[in-house]
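Chains as they are written, first to last, in the numbering used here: chain A, 1 to 396; chain B, 1 to 396.
Rather than coming from a laboratory, the hints here were simulated on the basis of the structure.
Among these hints, one or two may not hold up.
Which copy is meant is left open, because identical chains are indistinguishable; a pair holds if it fits in one copy or across any two.
Using 20 Å as the maximum straight-line C-alpha spacing, the simulated SDA-like pairs for lysine to any residue come out as follows [what the hints assert, rightly or not]:
| # | residue 1 | residue 2 |
| --- | --- | --- |
| 1 | Lys-379 | Ser-85 |
| 2 | Lys-223 | Gly-70 |
| 3 | Lys-379 | Arg-272 |
| 4 | Lys-76 | Arg-310 |
| 5 | Lys-381 | Gly-54 |
| 6 | Lys-381 | Cys-153 |
| 7 | Lys-76 | Asn-290 |
| 8 | Lys-381 | Leu-219 |
| 9 | Lys-223 | Pro-29 |
| 10 | Lys-381 | Ala-282 |
| 11 | Lys-381 | Asp-295 |
| 12 | Lys-9 | Gly-354 |
| 13 | Lys-9 | Asp-48 |
| 14 | Lys-9 | Glu-256 |
| 15 | Lys-379 | Pro-222 |
| 16 | Lys-9 | Arg-324 |
| 17 | Lys-379 | Glu-366 |
Note that the coordinates shown come from a computational prediction; the quantities given were computed from them, not determined experimentally.
Next come the chains, spelled out residue by residue.
Number of protein chains: 2
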Amino acid sequence: MSHTFALDKSCPETGARAGLITTSRGAVPTPAFLPVGSQAAVKALGPDEVRAAGASIILANTYHLHLRPGVGVIEKVGGLHRFMSWPGPILTDSGGYQVFSLARLCRTADEGVTFRSHVDGSEHFLTPEMVIQLQERLGSDIIMPLDECPPYCQEPELIREAVRRTHVWAERSRLARRRDDQALYGIVQGGAFPELRRQSAEFLASLGFDGYAIGGVSLGEPKQVMFSTIEETVGWLPEDRPRYLMGVGSPEDILEAVARGVDLFDSALPTRTARNGALFTASGRRNIQNACYRDRDEPLDRDCGCYTCRHFSAAYLHHLFRSRELLAYRLATIHNLTFVLGLMRRIREAILDGRFAALKRAFLAEYRTTDEETRLVQKQKWLSSRTEPESLAPFV
Amino acid sequence: MSHTFALDKSCPETGARAGLITTSRGAVPTPAFLPVGSQAAVKALGPDEVRAAGASIILANTYHLHLRPGVGVIEKVGGLHRFMSWPGPILTDSGGYQVFSLARLCRTADEGVTFRSHVDGSEHFLTPEMVIQLQERLGSDIIMPLDECPPYCQEPELIREAVRRTHVWAERSRLARRRDDQALYGIVQGGAFPELRRQSAEFLASLGFDGYAIGGVSLGEPKQVMFSTIEETVGWLPEDRPRYLMGVGSPEDILEAVARGVDLFDSALPTRTARNGALFTASGRRNIQNACYRDRDEPLDRDCGCYTCRHFSAAYLHHLFRSRELLAYRLATIHNLTFVLGLMRRIREAILDGRFAALKRAFLAEYRTTDEETRLVQKQKWLSSRTEPESLAPFV
């Protein structure tokens, strides 16, 4: 087994834990955040910049890469790491979430799922076995099984059926594996229903995976629902395997989830908000396009050591955004990723030093979050905008 | 005088010359190419990347910066160099060309020019004196006077009038200067009329400028017309001052112009074509979006040492362009600028070694240029697309 997970320390006051995932391509100190590079690129950044921002592992997406450029192309040029010039660990998502949210879904059956590509409308059919095979050909380090990820809903029967099928697919995914040098995680579903979450976690744990993901969250549900879902899931997962919360990436959510025992996160939020000019600071998100930054002759964040804050004033960033200069998106992305990855490092150090609870309190006392109502409206807006044709939303 | 120009060597077979401009912010070995950063950013690149590509001096634009963010903002944050984090020499164009091509022109009189901003339609009035003052406040190292730059036309009376006004403005620009630490160049106009070019060059030379620019070229005229215009202008300019051909930047044109005694070039062509996926190689421009690059597991240009070619395959670049990933525009821009700036270095070395004519022959024998008819069609298309509202053409 080329993958291991060692727990270094647990927090005495919360469920937080510090650990270390080792892969043949490098170690991942946890809790860790995975920058999202769905199409084999973290939007606007080169791999060296992703590394410099503090990333030890990144995420790519099987759905996106299958549709474009095609896994055959990536295989031919030596695999995903070489293709994107990122020698470190890569986790590939199965694309389950994308099939059920981004593509036009045609049919879901136990055999597999039929959908139309969001890129060109072409019809595709994927089985759990095919999704494993695609990821084995991509050569990523951690792979995910195809899962059924329904939208947030209150209908237990729909969610129960999705859990059943996710379990069938999880079993088949395990059997479909041909390579033993990749870690395979199981994905827990179950919506906001504690009993279904327990069943899903227990069933997957009984099969035995290298790690466990909590899927079906961050789909527009209230935050408190997400937090209780995490609690109701984590309790049934084995202690000695990494726990990965899919699609969560705001600083405040990361802290809450770490406190509940989560080890891994991925989310496009830091990079997407960056391209919209929303930049993280210790006191909350700032919109760099606001008039107050027009002639501000200091970095956006004086405490930040990122390339952007070391070299450019808030006035310059403001100008680049107002002028829609491409450099804007890159500088903002560097800043937001550095902020989130720096937070992960501080979280880990705090857990090791036995002061995580204090760090969490201090951070959240200073960090002003978007109010819940506004947040839910924004989230819904984003979820529906994703299915627009690409050409209309190149920066989203 | 903080600016000097020293001629190191002249080509025995052509008019090519190697020299050195010194400014208080660094030296510029000539012949030199200035990457275009109209809005205080070379599109898609950070200043360190522009430097790494081989630039010693860049161009910014008074018209653009006056409209946005406003020269007052840049002044307040410590001047243009600090604003954009580029400590080396900067040449600012006066904006004459932009006023007469990009803005909606309202009135031109000897007093000055009234136009509407291409950004927000607001009305502005600029005199030659104001344009000098704006550049003194920006703090650039080489400044340009306001000139009247009519479109390419065959009507001598129109061009004669533009030359007359350009001369009046040139005289007033000299008198308007308050700083003595910036070089001021004169701009020769005269269209495709040898006699007007001679008059313009002689008149400006009699006033005495720190350098001389050839304006009113690369406006859609046939290449042979441009080359003869250069010849008919250069002959009347003083030997001991830099000669700057405005708006020219294709490799083949640079070689021809250097052979005719030009020392400085600026053009958005290498960066703009890069964002369209047209990449320079020794054998000509290649369109990276062509299907032949889909699975090509080698750099676009094996002979190129740029960051892009050292780290990424043509297949990856192809994928980034097809997927409209922001990283595409940056990697392509790095490559094209490195190519052009590398060509400038090779040109200079060849002149110093007395083998420029051989380099020019060898380069042009291998480099396949766009045929003249296609080129003129593309140029016209671009000239008219420039006046479209910004929102429709963010990448152009």
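Against the structure shown, which of the earlier numbered hints fail to hold, in ascending order? 1, 2, 5, 9, 10, 11, 13, 16, 17
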